[in-house]
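There are 2 protein chains.
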Amino acid sequence: MKTDHVESSAPENTFAAGAAYVKGRFVPIGEAAIPMTDWGYRRSDVTYDVVGVWNGAFFRLDDHLARFEASMRALRMQPTETMAEIRAILTRCVQLLGRREAYVAMDCLRGVPRPGMPARMPGSCANHFAAFAVPWVWVVPEEVQRRGAHLIIAETPRIPDVCVDPTVKNFHWGDLTSALFEVEDKGADNALLLDMSGNLTEGPGFNAFVIKDGKVLSPDRGALEGITRKTVFELCEKLGLPFEIRPIPKAEVLDADEIFLSTTAGGIMPASRIDGRIMGNDRPGPISAELRETFWRLRAEGWHATPVEGLA
Amino acid sequence: MKTDHVESSAPENTFAAGAAYVKGRFVPIGEAAIPMTDWGYRRSDVTYDVVGVWNGAFFRLDDHLARFEASMRALRMQPTETMAEIRAILTRCVQLLGRREAYVAMDCLRGVPRPGMPARMPGSCANHFAAFAVPWVWVVPEEVQRRGAHLIIAETPRIPDVCVDPTVKNFHWGDLTSALFEVEDKGADNALLLDMSGNLTEGPGFNAFVIKDGKVLSPDRGALEGITRKTVFELCEKLGLPFEIRPIPKAEVLDADEIFLSTTAGGIMPASRIDGRIMGNDRPGPISAELRETFWRLRAEGWHATPVEGLA
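Chains as they are written, first to last, in the UniProt record's numbering: chain A, 1 to 312; chain B, 1 to 312.
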């Protein structure tokens, strides 16, 4: 981790569009690049995590770092940076960006085989860490969150857990991309994917929740174990809302009283329609709205926050 | 497609390790890089193809270009380069590399959303084409081909066709990478993957064939429609070998008389063991050997060859 090439973040910030860390150096996001031959690209042999910065503080940074470390272990990856160094790099990226709201990504790539090692084997490779911070991104635009997202259930099923483990955050988005084209074709906002057995999994970049008869339901498989999802369970406990983590068949999704989505880059995002059916009054339902409001109120109060030093 | 930055390939060839085309420019392979924010990396939203150059000529170039074009169409991608320009770019990469044997890759990446377009939708993106030529790569080392590869049947199943279409060549290698770790753990050479129903699909970068009672069998689903696979069918017709394209259950794989693999970067590659069981005399079987020998003999005679002009 070299910091000698870091430039000042004022008065003209060359990192205004984003600050990245690649190959041991901090560079503007426009210069952050992955070798075309890297298996992180060429085999999508990479894991990543995304942590949010809001109001000048990371949200649940320890949880994101712990998940990222577990993902690397699952893929037998070992970058040269320690977890303490990774934490410092993420912080430095946010400082260079100079924003109080940021989307902060960390990647560990397989790399390419070391000289003299078997040429086509993943265990031969020198793994490497990269990261970036860019201005905050909304997975669902704010105006869509206010009226409630119009969702469809995609015809494309989610890649099964036994093929690619969804709890190890990954870029295997082929099914999610197909679902997004279905969304575009149908004029909807976003999509939920089912597994091969017809149970709810997740959507492109978010977890999904169904509310029925006052109970909050979340799938027990086929999806990332989201940090914001975990936060929803904590909020349910705080608010005295019953919740269940179990398989959710398609019929229950279509019959939902409310549906909402959760993700780092968006928090808790209510839906108002599913496959054309209007839920409630075509606006975010009361439980989703209460969860969303409580989530942002607690965050404003510094819940699970790790302040980033040196931000204006 | 700008060519004004091209350097001479002699006397000291800066392209000796590889010649790439990225963002409209030819660069040495070491400088070929993908933006860290490109969805081609960040969502593995990319298709590719690989064509081989042997003895100074492309093998089945038209077939590879046709498949690549079909893959781009399936993913609704449209690069700025025409197919004629892509053909010329691949040729130029080989000329810059200056080798008579080369591995030539072409990628089309989703890119990132155009300014003012919906931020998270694939249809918003400006797609782009990239390519490279590097010295020939053997997917299975030559000495392993001579004794016959030791294969295992991986416990990890292949991603189902309905989730990610395997006929659209892609980098969703999570399952294949898991299989390669199983290979490393068991001290084998390579792996075959089954689908969720227990039928043979393919392996990491190659198609698979089973020979039983003089008949050549190849899976009818769950795998890339390989150009070398297609070539095997043509060879079977030439040699009067019966072949069938149909589901191949695991039991038939384990009971095979012979097994061989096919790929652009390796041709026809015989196996000698499957899950520890020795086939025949622990060496490539007679039909696999005949196919392999005929394949390379016909290629030496210029079969399906498109010579690259200007190679030494």
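Do not take every clue at face value.
All copies of an identical chain are treated as equivalent in the list; a pair is satisfied when it fits inside any one copy or across any two copies.
What the hints assert, rightly or not - Here are the simulated SDA-like cross-link-like pairs (lysine to any residue), alpha carbons at most 20 Å apart as the crow flies:
id, residue 1, residue 2
1, K186, G240
2, K215, E252
3, K215, D255
4, K238, E182
5, K186, P118
6, K238, W303
7, K23, T37
8, K238, A84
9, K212, E252
10, K186, R120
11, K186, E234
12, K186, S124
13, K186, M121
14, K215, E290
15, K215, E142
16, K230, R299
17, K23, R100
18, K238, A251
19, K186, M117
20, K230, G266
21, K238, D213
22, K215, V168
Note that these hints are calculated values from the structure, not bench results.
So which of the earlier hints does this model not fit?
The structure breaks hints 1, 4, 8, 11, 15, 17, 18 and 22; every other hint is satisfied.
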